[in-house]
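Colleague: All chains should be modelled from the sequences, with the hints used to inform the complete structure.
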Amino acid sequence: MRMALSALLALWLAGPAAAQISEAPAPVTESDEVVPTFPDPAQRRRVITAIARNKEQPAEQVVAGLSKDSVAITASFDGSEILIYGAIKRETPIPPGPPLQVIVTVEAPSRPLTIWRKERKAGIWINTEKVEIGAAPGFYAVATSAPLESILQEEWDRRYRISLPLALRAYAGKLAVEDAVPFTEALIRLRQNNGLYRLAEGGVKLVDQTLFRADVSLPANLIEGDYKTRIFLLRDGQVMDVYRAPIEVRKVGVERWLYRLAFDQPLLYGLMSLAVAVIAGWGASAVFRKLRRA
Amino acid sequence: MQIFLPIAEVSVNAFTLVGLGGLVGLMSGLFGVGGGFLITPLLFFIGIPPAIAVATGANQVVASSVSGVLAHVKRKTVDFRMGGVLLAGGLVGSWLGVWVFTILQEVGQVDLVVQLCYVVFLGLIGAMMLQESIRALRRSKNPTYRKRSHQHMWVHRWPAKMKFRASGLYISVIPPLLVGVAVGVLAAIMGVGGGFIMVPAMIYLLGVPTKVVVGTSLFQITFVTAFTTVMHAVSYNTVDIMLAVLLIVGGVIGAQIGTTLGARLRAEQLRILLALLVLLVCGKLALDLFLRPDELYSITTEAR
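Listed in order, the protein sequences are those of chains A and B.
Each residue of the first sequence is one higher than the one before, counting from 365 in our numbering.
Each residue of the second sequence is one higher than the one before, counting from 51 in our numbering.
None of these hints come from the bench; they were simulated from the model.
Just so you know, these numbers come straight off a predicted model, no measurement behind them.
The C-beta atom is built at its ideal place from N, Cα and C for all residues, glycine as well.
Residues from chain B that face chain A, not an exhaustive set, calculated with beta carbons under 8 Å:
id, residue
1, Asn109
2, Val112
3, Leu339
4, Thr350
Modeller: Now the structure itself:
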């Protein structure tokens, strides 16, 4: 316990963000989704025993901190870097077997969206088919200590929705197309190109199966909201422990004032925009007339 | 210098925006077009969400049009009566257009209709103007040709006639009213001022002299886009004032330079330039429609 306290103290001194003792993983899925079914009964047993073991007392726990727990969007905001660091707390020696792995995810609030596919009709390319997604995060970054597929079993991925395709929530309404997979693949591809979805395999640096750090860069085109950070501790493809921490992304100063005005007093805001335009146009006209006369 | 736009929620280079505004302002002063048909696609290109590009583009057009129209008022090249009739039609048309826009949005075909509108209108008008101005240039080289001082077109035979002194016209109010409505509808759907359609329509359909066309068109555009801006701000919260200010700074300066420059160039030369510009934008948009796009998929997020 002394070791844990000193680690806590070190973390507290290291940064403004307070370190918190991690919580044990919940025995049920984190959302109210249906529990995934596992075709292989043997696998199901293994999952259950792992959960049971975790529930008693996880042998290894995550203690972590963030370099900042809030991001302020100012007028000159151009993306932000967040350092996520931490240590593994354990009372017993490092267990034998495959080495410990760490996955870090940062997730923006989800919004519904529609994916369209173009098709050639009468010579021109038009949107024909669509798939509606109930909720997709506006930003999602995954950093891992090794290639994702080799360190995470599929059923655990499904349970915690860690990998990109699973982070997109259910389809909204009745599916209008036969095969929705190319649509979700396109969504991931488009957003990966925009830098909104990221997978950094090897982005988590792990030292002696005890200390880890990950740098996550947030893009400039961030949406406001409460972001979620999750740190997964894995052994043998199974999740041993999860640590969660929020990151608050907020507009500040002029940005905040204009945003609130636009949504709370839209008429006033519209007239203000108009006034700026008219004054600027008239002012420039007057200035140029003076210049020409001079 | 990067700047974060509060409503669009993207970070862009401030100088890019000022430059963009300047370029479009120059067009505005030179040709009497608001420049919306250039600024809206350019804003899409730098990553501004379409709804915000359309609404903020309208706000920018207000500034450059005010700047331009004041310069024209000083030169007495605005037909206020004609402008008023066009404006009355424009407001009705703009209201109609927003209604059509909402329906298109529900069916997911906004992009297609907008592009088709651009291709058809720009193509027709560009070709018409180019042909006409080349013919005019040939005529001016050949002094034996004598222009008829007064042409009687079908629009002159309609009822409810009105005197437009500044334009030297005595025609029915119905054609200018219809032109105003058509431009208003297109303005709301395409997110533009509509000058690039109104200028040729006034010259070729109404027979308004080229001298007063630009100023009168700018006069109408100023009010229609002002109406559109407030409507977008109130119903969709899509006007980004930070983006607008940056575009305006470039725009008002460009518009003044354009107006000065326009006074020195000959009308035929101006028209050839505008025709070529219109055809260029049309060609680019047509290619996008007919060639297989690089990316078949697109994402639309629901409004907040």
